[in-house]
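Those sequence lines, one after another, are chains A and B.
For the record, in the first sequence the residue sitting at position 43 is 43 according to the numbering used here, with numbers rising by one throughout.
For the record, in the second sequence the residue sitting at position 82 is 1082 according to the numbering used here, with numbers rising by one throughout.
It should be emphasised that the hints constitute simulated quantities derived from the structure, not laboratory data.
Derived DSSO-like pairs (lysine-lysine); straight-line CA-CA distance at most 27 Å:
no., chain 1, residue 1, chain 2, residue 2
1, B, K1115, B, K1144
2, B, K1015, A, K39
3, A, K192, A, K257
4, A, K58, A, K137
5, A, K58, B, K1115
6, A, K58, A, K134
One-letter residues, chain by chain:
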Amino acid sequence: MYDFNYHRPSSLEEAAKILAGAEEGIPLAGGHTLLPTLKQRLAQPSDVVDLSGIAELKGISEAGNAVVVGAMTPHAEVNRSQVVRSRIPALAHMASDIGDSQVRHRGTIGGSIANADPSADYPAAVVGLAATVKTNKREIAGDDFFTGLFETALEEHELVVSVSFPVPEKAGYAKFANPASRYPMVGVMVAKAADGVRVAVTGAGPSVFRWTEAEQALASNWSADAIAGLSHSPDGLNSDIHASAEYRAHLIGVMAKRALAAAG
Amino acid sequence: MLTVSMTVNGKQVSKEVEPRTLLVQFLREQLGLTGTHVGCDTSQCGACVVHLDGTSVKACTLLAAQAEGAEVTTIEGLAQNGELHPMQAAFKEHHGLQCGFCTPGMVMSAVDLLKHNADPSDREIREWLQGNICRCTGYHNIVKAIQAAAQTMRG
Chain A
1 MYDFNYHRPS SLEEAAKILA GAEEGIPLAG GHTLLPTLKQ RLAQPSDVVD LSGIAELKGI
61 SEAGNAVVVG AMTPHAEVNR SQVVRSRIPA LAHMASDIGD SQVRHRGTIG GSIANADPSA
121 DYPAAVVGLA ATVKTNKREI AGDDFFTGLF ETALEEHELV VSVSFPVPEK AGYAKFANPA
181 SRYPMVGVMV AKAADGVRVA VTGAGPSVFR WTEAEQALAS NWSADAIAGL SHSPDGLNSD
241 IHASAEYRAH LIGVMAKRAL AAAG
Chain B
1001 MLTVSMTVNG KQVSKEVEPR TLLVQFLREQ LGLTGTHVGC DTSQCGACVV HLDGTSVKAC
1061 TLLAAQAEGA EVTTIEGLAQ NGELHPMQAA FKEHHGLQCG FCTPGMVMSA VDLLKHNADP
1121 SDREIREWLQ GNICRCTGYH NIVKAIQAAA QTMRG
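Please construct the entire structure, taking both the sequences and the accompanying hints into account.
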């Protein structure tokens, strides 16, 4: 790891100021992507700004008909939260199966979505549950947040504060995990809410996307039969040593059906 | 340089470190607590698991600076007054180790599991240990040891 200056500010304002003043500043959330990246010397920030001292980034609350998860909330806490379990069990389930137990104790929702790994779980929840991402500058609709491979709508030094998930009528998440890394090769969040049906797919393409054909089919008939005959095209999907684009395309259909069964 | 202070196995420590120092390096190289192992160094194998404020974490994926003010427990801190922790005793009794390299991490991870789940099923134990890799035992005796420790600790 190259050397850097370490900061642990206690407010968002202070964090933003340090980042703006640094030659190359980078925020540190749970560190479970950033630290391995630094260890491999794939990045060389001048300043690392640890966000763990900022109280307003932590915790889970209910606001109206939504569950609000602070950016620095670790996956294990999302999984164990009674609020999340009772209001959006699919989200609690998703959080229970990210990485392994120790990764879930440190990895955070804010870090995960800001990193926008194509194989991360949370993007499927942000898009599939029509969440809103609150930053230190503005609010960003879940649909507009992920813009490409490791790319988000966040501007330089813009920090995720929380993610607000509207409570759906029904939702389910299913993933086919890589047996070694546990990352989803394909993960699908299926949700039914007052404003419609969403089917969000992660792991399959460069970035999370909605399977609109399945959404339309489920909107008129919320059952496995509705999507039984549908298949997703492999065009533009990821192809690597873990799975071909054709295999991932097939998994989208299978995971969508499993997610639907989980949603009930 | 940076001064970090924390409580390790009940003892207050304060040392100068480079900001890039990992918690596992701090424990091993500056405090001489070499029971916490470095296996893969890529956050996968779990040989470096310690408790940070009572929660199991991978010490290779944490800066020492991130543990500022925290209570850290390593494998050396489990035995009390020369008596093995029930989890350590169960690993010994049930042959839950062969080469022993992964054992400190396995034991620390298993102790944390029982805090959340005093009576886990075999499947729950195996799922919990997804981040602890053992290349000798095939895990069967590790699961057996954890079941035995859980029984002892339930009393």
